[in-house]
Each structure stands twice: as C-alpha cells, then as structure tokens.
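Each chain, written out:
Number of protein chains: 2
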Amino acid sequence: MNKDKAKVRQILDALRASGRDSLTAPEGKQVCDAYGITVPGEGLAKSAAEASKLAAGMGLPVVMKIVSPDILHKTEAGGVIVGIKSADEAARAYDTIVANAKRYKADAKLDGVQVQQMIQGGQEVIVGAVTDGSFGKMVAFGLGGVLVEVLKDITFRLAPATRADALSMLDGIQAAEMLKGVRGGDAVNREALADIIVRVSELVSDFPEIAEMDLNPIFASKSGAVAADVRILCNFNPKPARHRPAEADIVKSMNRIMKPKAVAVIGASDETGKIGNSVMKNLINGGYKGQIYPIHPKSPEIMGHKAYKSVKDVPGEIDTAVFAIPAKLVAGALTECGEKGIAGAVLIPSGFAETGNHEGQQELVEIGRKYNIRMMGPNIYGFYYTPANLCATFCTAYDVKGSTALSSQSGGIGMAIIGFSRSAKMGVSAIVGLGNKSDIDEDDLLLYFEQDDNTKVIAQHCEDLKDGRAFAEVAKRVSKKKPVIVLKAGRTSAGAAAASSHTGALAGNDKIYDDVLRQSGVIRAKSLRQMLDFARGVPILPTPKGENVVIITGAGGSGVLLSDACVDNGLKLLKPMPEDLDAAFRKFIPPFGAAGNPVDITGGEPPITYMNTVRLGLEDERIHALILGYWHTIVTPPMVFARNMVQVIDEMKARGLVKPVVASLAGDVEVEEAAQYLYEHGIPAYAYSTEIPVEILGAKYQWARAAGLL
Amino acid sequence: MNKDKAKVRQILDALRASGRDSLTAPEGKQVCDAYGITVPGEGLAKSAAEASKLAAGMGLPVVMKIVSPDILHKTEAGGVIVGIKSADEAARAYDTIVANAKRYKADAKLDGVQVQQMIQGGQEVIVGAVTDGSFGKMVAFGLGGVLVEVLKDITFRLAPATRADALSMLDGIQAAEMLKGVRGGDAVNREALADIIVRVSELVSDFPEIAEMDLNPIFASKSGAVAADVRILCNFNPKPARHRPAEADIVKSMNRIMKPKAVAVIGASDETGKIGNSVMKNLINGGYKGQIYPIHPKSPEIMGHKAYKSVKDVPGEIDTAVFAIPAKLVAGALTECGEKGIAGAVLIPSGFAETGNHEGQQELVEIGRKYNIRMMGPNIYGFYYTPANLCATFCTAYDVKGSTALSSQSGGIGMAIIGFSRSAKMGVSAIVGLGNKSDIDEDDLLLYFEQDDNTKVIAQHCEDLKDGRAFAEVAKRVSKKKPVIVLKAGRTSAGAAAASSHTGALAGNDKIYDDVLRQSGVIRAKSLRQMLDFARGVPILPTPKGENVVIITGAGGSGVLLSDACVDNGLKLLKPMPEDLDAAFRKFIPPFGAAGNPVDITGGEPPITYMNTVRLGLEDERIHALILGYWHTIVTPPMVFARNMVQVIDEMKARGLVKPVVASLAGDVEVEEAAQYLYEHGIPAYAYSTEIPVEILGAKYQWARAAGLL
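From first to last, the protein sequence lines stand for chains A and B. For the first sequence, my numbering gives the first residue as 29, with consecutive numbering after it. For the second sequence, my numbering gives the first residue as 29, with consecutive numbering after it.
Just so you know, the hints here were simulated from the structure itself, not pulled from any lab data. Heads up, a few of these hints could be off.
Copies of the same chain look alike in the list, so a pair counts if it works inside one copy or between any two.
[Stated by the list, open to error] Dumping the calculated DSS-like pairs for lysine-lysine here, alpha-carbon to alpha-carbon at most 30 angstroms:
#1 K309 x K368
#2 K74 x K429
#3 K429 x K317
#4 K484 x K102
#5 K57 x K615
#6 K208 x K539
#7 K74 x K453
#8 K102 x K113
#9 K615 x K33
#10 K615 x K302
#11 K102 x K398
#12 K356 x K302
#13 K93 x K113
#14 K180 x K554
Here the structure is a predicted model, which means the values were calculated and not measured.
Next comes chain A alone, as it looks inside the complex (with noise of 0.2 angstroms):
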C-alpha cells in the first residue's frame, strides 16, 4: 500500500511545534493524500492552458471560481461556472471567468482560478477513527446524513483493520442495504470503500497521536468513493501502555497458579467465621492433594497443617498464596511472597480501589511487578480449579466437576455462578474472581483456559476490560477452539453510570464493546441468566456441521414459538423440506400432522412416533440439528419421551451419527425430573420454555460459524 509516512510524520511535528492540535482542511487534505485516501482534486490556474490540463488531470466535471483577495462575491461576479466537462471548456471557462471578473471590478488583483472537482451525488457515508480508552484505535463506518445521525446507525472494528473486517463494516450497518443500490439505483464501489476504511485504520495505528479522525462525507459511488471533508485531531500526551507479561509467561504462572503444588494461606485460622479458617476448610474439605502451608504469627498449627510465620519460613515451594489478612497488611505480606518466588497472590482483602484507596491498589501492582507475582483481586471470593480440587476461596465448596470455565468481576455475580451451578447441576472446571482485577484480567484467563484440557467452554461476567484490545486479541484466536462467552455488564448508560460508581472503571462505549466482541467470536450473553445457561448448555452439545435444523413437535403451538425462537436466533430452518424427506416423514405420522417444518407429529402420538421421527432427522444427512417440541400426554409420559430420545441418539452416536439436539417441554411438573434427565445425557431441554433450548443451539451455532466450522 501506497504510504508517504515522512510527510505525514512533517504535518504532524508542524502540529504538535504550532501548538494546535487539529489539523487545518489543507493539512488534512495532504495527509490523506499521503496515504492514498482519496480527496477532491483541486489546482489553482494561472492560465487558460493551465486550466484545461489540471482538469483533465484530476477528473472531470470540475467547477472553477476566481481567486481575488478583492472579489468577496463571487457568483455575482461571473467568477463561478459549475459542471464543466471538458478540458476545453475548461480553458474557455477560464478565460470567461477573468473577463468577467475585470468587468466586475476593474482593479482587482487576480491570484488566478481554482479548479476543483466536482463531487458527484453518490451516496454519503461516513468513516471514521476514535481512540477508546480500552481497545485502543478504533476504525468507524456508517452512513451519512442526518437520519443516520439520529439513527445511530455506525459500526466499529480495531484499527489497524484487514480488508475483510472492511468489507464487513458495509454489512455490518442497519442500513447496509443502502450501499448495495435500492430503488434500481447502482451499488456503491465496495472496493474502494474497504480501501478509505482500511488506509484510515493504518493512519491512525501508525501515528499514534491521531486521536479522532472523521470523513465526513464521504461520496461514495459506482465508479469509487471521494471524501469531501476531513477532519482530524490530535493528543500529543496519551496515556501510557498497560504493562503486558510475554504470552508464554502468562501461561506458565497461570499454570503455577491454577494447578498448584503448594498453597499458601496468609491469615489461616482456628476460628470458625473468620476468613482465613473458611479458606483452609474449603482447601482441605474440597480435597485438595498438594502441600497446604498456613501462614500465621502465632500458631504452629491450623487444622492439622504446620503453620509458619512467613511465607519466607516455608521450607518448599509454594505457588499460590491465598490472602485472608487486613488490606492494610497485604502489601508486607505481598513482598515477602515476591521475596519467595511465590507466583501467584490471591488477594480475597477488601479495601483497596473499590473503598477508593487506589495508592494502596497501586503500590500492590507495583510489588507485583517488582517480583513478577500475578495477582487475582483485590476484593474477590477466590477461585475454584476442579480438576485439581481446588477451593482456594471462603465461600462453600463446589465439586461438580465439568467442561466449563467461569470468572466474575463482581462478587455477588460469582455467588449466583455457584448457586445456579449447585441447583442446576452444572459441571464446571474453574470459577474465578477477578474484582479489582489490579492485575490479573480476563485476558489472562483466557490464555490460561485456551491450553487447558479441562476446559471446554468459557464463560465471563465484567464490567470493564482494562485491555480490551489484548482481550479482543486472545479472544479471537481461543474462540477459533472454545466457545468464549461474555455477560458485558454496563452496557446500556444507567448501566454504565452504576458501574463507573462500582469500579472506578469507565465503561467504554456499548456499540464499541459489541463490535469488538462479536468480530473477535465471542458469544455475547445478553443477561446473566442466559449467561450461565449457555455456560451449561454449549459445552454438552456436538458442533453442528450444517445450518439446517428441523423442529420436531408433538405441540403444534411449541412449534410456532420453536420456529420464532429460530428467527430470533438466527437459526435457519431446513425449508422448504425435500419432498422425499417430507414424505419419509409422514410415514411416521398421523394424516392430519403436518410436515414440512416443523414436523407437528401431533399430541396423541405414542412414543414410536417421537422416536421414529427423531431416528430419521439424525440420520438424514440434509439435516444439521434438531429441535424437540415435547408435548407431555397419559400416552406418552415424560420421562418415557425422555430415556427414549436418549436411547435414540445414543443409538445413532454408536453408528457416528452425532448432532446437536435441544428441547422445549410442554408439560406439568414431571418434565422438570425429564428436562434434567435430558441434560444430563448431553440434550439441553427446558421445561415451560421454548426459547433457553432455542437460544442455546443458537449460541453453539454463532460459536461455529466464527470459528470458521460452518
């Protein structure tokens, strides 16, 4: 790509000497030259020859106006003619021009005519760059004019941007019809678009100080895309880069600390209801095998473990401390952890930046950074690893082991996680607090979880991403092996007022976060409740390998509702049926059932009928993924429907036919015993719902198509 870096870097030292920190529309204009950003030729003529060449050269039609210090107006002048569309009419213009501005005023100086290109129609658009306080450079896409403007209707990727994360932002808008012509009308130059938006993410990602950057319009046609007007700003003092370990530092000491050998508990105690006693039952109750080193200035012994009275007393190696001491006395305790080689702190202590005693949080950054300790927290419950029965936290223990990961920036967020987990029997491999998340972010998590055999899915709640593009980073590539899914706190603007009250944290913009997360294949859960349901149901269903998915149902009214919960989950439905397949199913049910889809096999049908039919679509190669519609009737009970489908699928898995299969159960009381029958044996099934299992084969189907498996 066509860069004049040098002549940017001479703008924008000008700038920054000046004083000013917007650029003028001429020093705007040679910027976007300088990166082949394209703008309205213009050229000043001092001649009649000169006209015609700078016309011809920039394209035409141009228009031409007189350049006099002594003529203000100068339509009244004769010194304006528009839509000229030739060279020659060029130089005549020219001429007609300077004779009519003599005739105007006979004695004003002439500087010569300026030549201009004429914008032509074409629809506008807008591109822009922002700097967001967690992602960093952000490139911007939307269409212009006022409606759009009230609209809000603009869309954001990571600068510096590919060309397909271009192409994507012209889809990626409300209006993106617009751009393809309507109303008979041509489809603007997509090309050329992709080529403004991706040489504007490069200007902003190579000169840093560029903070906003707008073209604003932008008109952009069949034949390519010119913008009109540019405006850029600049901040010469940004804030500094989050210190960042190297990836394979992070996983190392993530590893230390998840899977530790030795744990140490700072502040453990006899005494029931104090933390630090809660930490030490939860660690030996849960069934942790490694070495348990209490720390503690008195006591020899806590619970049956040799207790000494400084992590530095310990005679091994210790990998994970857990705090439960005074903030006040963390950060002593904190060095001397440093001083040991410990590498991970688990600091459970309040009172650090969320009771406003930020210079307290930063001089525990500072240690950590000193000694290279990673810390969780402050102000957090812990974490649970299950693979290593590990509780190293003072909540109630949790046990049920499983495939999914889970961290909370909030507390309270991460006792409904156990709760919900314990009450819905959820299988989970870690739970993680991350709070004042002073160091340890989610990214980090990630990374960690990423080469995690135990992990098969990940679940986070936050309000905030102090890295959001480091975030984005690892997302995108451990979302290509593990669904990642994301409950965004904050995101509407009450929201986000609450939470900068909570953390101190800003809340970047929503529409920001929610670009960034889609484009780097996170499933954003759009409430907590679905979080933890997709955290239940994504890990147990098998990746689908083709979009069609068929409705079973004995309810024809579940039906209807199962197909809205399609659309709304961007689920397509196979449609319309092949008729041998119709056919093969009506074979299975009554006359009056209707086929197509969804298949209403009709509410009196004995169980046959459910399995038959479901036996054929997991069979069929045409179909992708299942949806049941259960109907609970005397003739076909619940948990007979239930043990049923499960035999049916296990039957097709031993002939390798697997599929995603959820289900909605319409019934009384005895479908909830069904419905957890079912989950338990890999189909996410819901009682009184036909939307969870809906949006749950939804959610594995948004996972697969950006991970590139669809």
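Assemble the complex: chain A is given as a structure, and chain B must be docked to it using the hints.
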C-alpha cells in the same frame, strides 16, 4: 371536519362501474380534495390573467408549463418556467411561455399553460392505509425516502384514528427525531401531519371499498404538509364481517359457562384412560359443587352420578356441556344441546379444522349460531375456573387459587401453563384452552374476565386473532382496569409460516400486531417463560404512584446489571439522587459504599443495613419503587434477608406506605427458598437473575402508564 362524502361516493361508484380498481392520479386528487387533504394546487390557464389568478389562489411559488400536443420537449421549447414568486410574475411568465412556444413551433396547437404549486423541500413522509385480515382498516405513517424503506420504519394504528393516535404515530417511528428538526432545521408542522393521518383514516373507514391508499411522498415543513402523490386501490368484494353477539349477551353466556350451576359431560365414561372418564374425575375430585350430568347412550349411572341418554332427558337446566365424544358425533349432540338451551359447549374433540375438516367445523359454527350456544374449541383440553372449583378438562386437576386468568390457543402451551403454575406455586383464577377458536375467542374471554372479581390479571397466548379489531377495542377498555398480557406466537416470518400450517390461520403482519397491542394497553410478552413470569409476578405487585425507581443492592455487580435491566425495560432510575436523600442513605452504609442510585450497601453488611435502607426507600415519597439486589453472605443469610424484607414491607404497609418491590438474589441454592418466600409475601424475587424481576416491574409500569395511572 369538512368532508364531501357525496363527491367520493360518486368517484368510487364511477370507478366500480368502469370495472377498474385503482383511481387515476386526477381522481385520487379529487378524493383528497373532498376530504381536505392538501395536494399541490394546479390548473390550466388560458390567459395571462388566468395564470395570475390561479397562481395567487394556490399559493406561491408555482411552476408553469406549456400544454400542447405538438410540443414534446417543453424545456427545449422554452415552455417551462420554475420558481414564479408572484401573481404578476405568473402573468408575465404566461406571455413568455406562449411566445417561446410560438417561436419554437409556429403551427403548434396551444391548449394553454399549466400552473402548478411548487412543493418546497421539507421532510418527506408517507401516510397510507391498508386493510388487514384481522384488524381491518389500518392507517400507517413513516418517513419517506429510500433509507426509511430499507429500515422498514413505519407505524400503524386502527382506522379511524383520533388526533391523539395520529400525534402518537409521529413519535412512534424509530426516526421520530427527524420530525423535530435536527441540525438546527425546522420541526415539521405536527398538527398538519396529524390532520392528514386522521383524514386518511376516516376516508378508508367511511369507504370500506378503499382497500389500500398511499400518500407518498408528503412534503412536511414548518408551514404545513402537502401530499405530492396519491394512490388509491379499491376492493369491491370485501370479506363478510365476523358475527359478533352484543357484549351484554357475551358476558351473560360466559358467566353461565364459567360459573355453571350444572355441567353435562357428553361421553362420560367409567373406563380409565377415556377422556370422558378424566373429565368426570376432574369435575368430582376438583370439588365442583354444582350438578354433574353424565351423558351416555347406555349406562344408567357413572361414577355415582345418574346418567342420561341425551342432555334433553336431563330434568333441570344445564349451563355447560363438556364434549368427550368422537368428532363425527359432535354435531348431533350439539344440536341437542341447542334444543336444551345450554349456554356453552366445551368442544374437547379434535378432528376439525386442524385436520383439514373445515366443513365439519363450519357445521358446528352454524348449529351454535342457530341455537345461540357459545363454543370453546374444538380441539382443546377444556378449561379450569378455580373460584368454582371447576376443572372442565381431561388434564390433571389444578387448584392453587389466585387472581391470574390464563388462556392458550395451543394445548401444549396450556400444559406448560399448568406445569409452570404448579411448579412456581402461581395462583390462577382460570386456565382456558381456545384451540381452533370456532367461536369463543380472546375478546370473549376478556369481556368475562373484565367483570370477574376473581381475576386481576389476564394472560393470553395466541397465534392469531380471528377478529383483531374486536380484541383491540375490548382490550383497550379492559387494560385500563386489569393488566392484559399477550404472548403473540408466529411473530417472525418463520414462526408465521408454522402458524399457518398449524391452524390454517394466516398470522398477521407482526408490526401491525405490535402497534395495535401497544395502543390497546396490552403488555406483550417476548417469550413463553416471560408470559408465565409476568402472569405470576404482575398481579402481586402494587401499582406504582410515580416513575422514580431506586436500586438497593448488597452486590455492586448486581447493581450494574440491574441498572442495565432498568434501561432495557423502560424504568427510570431516580437520578441524580436528591442530596438530602443521598445523605440519608449514606448514614446507613459504610463510608466506601456507593450511594447515588444504585445504593450500594456493600457485601459484608448485616441484616439491619438492608432493613434501614429499604425502610428509608419505602418511607421517602420521592421514591416510587424499589429493586433489591441481595448478596448471600454468612452475615446476612438468605432467609434472614427474606423475612426481614417482608417485616419491613408489612410494617410500612400498616402505615399506608405501599410500593412495588422486586428482588434479585445472588447466592448459593438457599436463595431459591428465600425467593419463593418473598414471592408468597408479595415480592417477585428471582435467584440467579438480575433481569426477570426488573422485567416484571417494567411490565407493571408499562401497564400503569397505558392505563393512565401514572
């Protein structure tokens, strides 16, 4: 309002006589003129004086054009002059044009000069009308232009529309801000636009043969609104109107059906597994106190009740007949019911429209009409009416009395209602299956529940509304008294297709449903589970007396998510918190707790902190509703919190301080018991969800606003 109905009648009669179905542009203009809808003025001038008079009469500026069969290229001939700003100028223009024309073609036949009002910029909008299969005449409003077409930004109201309806439409589009003047532009004349909407809505109501109408574009400006193009399509063979008894008759019949003194079971049986046996069992075991008459061709007695061969043999009056016989026997038995003067037939049997047997269903409709029997179904599970201990159904009995009346079009959804109710201990007054809706429809039920003192909230699942207009009219009135919740299935195109294969009913345009339901004051549930949660939670919440919502939370993280949910559900947080109130809250919470709104009392607080802050929230008259975010800790266990909250609320209630309170509980599984306890004491509370309690509060507010109580 000035309306020349005779003129429109004359034009439409002429259209009908001509065999056409669409009006020409001049005819459309005449219709607009007759109804006072402003269209651009125009006329043919045969002299300069006439031109002058025409121009002055229609409003300036005008454009003038030569009218001659011999001049095709008017502009080339100098036959067009635009922007004529005075009557004098018009006279001169007439002469110029005629002179130019003669010079251009000496022998041209000149008919005169057309004088046409020039439409001046402004905002392009569209007003139109359609005839919907369910709702009948609808008036539509949207912005004009391609972009808005792409975004499908349009809103509908039932025609005729009131002035208030029309004004609400201007605010009812996504891009409403465009009408208010953006970037310093003028706001459009709202009165003029509303006037056109009202006039169009009256026109199509006065002349039902107008099937579709478009005024597109209308140019709306500060000074007024002019329809530049008119399109009117007629249909002279409209479908016949639905038969509908008088409201008093409906209520009378429904009262007999829902609270019968005597019930006949046609097809009663002693044999377990038969529908007629289940119905008998449910009637008897459900505790129904009225007369039960089994009808059976042979048995002299069934389950201890004397049986009869026909309802006609029963000595006393019968109000309700429950049918449990094969489809082919229904018509005969129904005729006997008619002869016996029975008020209602509960048609459980399937085998009618849902299996393609439309004739069979039509036969029932005719018998019902003839004898004035109201029919529920066919193809239903029956109904429950708990105040009468009446389980007129073959499903399992349900006896948890309460104040929500539910209905479902689908049997499967009915079963889900029963299961959810039992599981969540939701009190209900009625559950009704409507099935094929051959006769009794959602609006009949609304009329009954409106006057039923046992019912406080009505929740209905439907796939279509056979007579949407009747529903809307009744719902608009009923919803002023009692919240009406509707789950409209077949929302999306995929869903609608399933609906039509299921019931043979064409699901209407969802945007029309959405607008009409909102205008009728109906709360539209987004999902089955949401309908059920609303049905459970909305009736127990007191009606708020103002818009100021305060969140009190132990978990800061919940506070952020609860704030998000407030915005999502249209709730207004009291912000900024008045200084004295903020100070009052701060007295109860730790110094590092965040006051403001959410009031973050922090996680480690004892029960008294929750009590003090909630008491303050209930006492202060500037606060109208509370959302509680509880965080499970050892210091404040779930049931302690729950009991304390109920105590504080009861204490305040005794002082006449009654406000809606909902709660989100984050914690281990014990929070589920606490949530149920809170619900049973008037506080909708949910474990592991920050969204559902806020959605329920949002629904209550939505209702209160629509009912004019706020």
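Status of the hints after comparison with the structure:
| no. | hint | verdict |
| --- | --- | --- |
| 1 | K309 x K368 | within (25 angstroms within a copy, 76 angstroms between copies) |
| 2 | K74 x K429 | neither (82 angstroms within a copy, 94 angstroms between copies) |
| 3 | K429 x K317 | within (16 angstroms within a copy, 54 angstroms between copies) |
| 4 | K484 x K102 | neither (71 angstroms within a copy, 75 angstroms between copies) |
| 5 | K57 x K615 | neither (71 angstroms within a copy, 59 angstroms between copies) |
| 6 | K208 x K539 | both (24 angstroms within a copy, 25 angstroms between copies) |
| 7 | K74 x K453 | neither (83 angstroms within a copy, 89 angstroms between copies) |
| 8 | K102 x K113 | both (21 angstroms within a copy, 25 angstroms between copies) |
| 9 | K615 x K33 | neither (71 angstroms within a copy, 59 angstroms between copies) |
| 10 | K615 x K302 | between (67 angstroms within a copy, 27 angstroms between copies) |
| 11 | K102 x K398 | neither (68 angstroms within a copy, 86 angstroms between copies) |
| 12 | K356 x K302 | within (17 angstroms within a copy, 75 angstroms between copies) |
| 13 | K93 x K113 | both (15 angstroms within a copy, 29 angstroms between copies) |
| 14 | K180 x K554 | both (20 angstroms within a copy, 25 angstroms between copies) |
Of the hints listed earlier, those the structure fails to meet are numbers 2, 4, 5, 7, 9, 11, in rising order.
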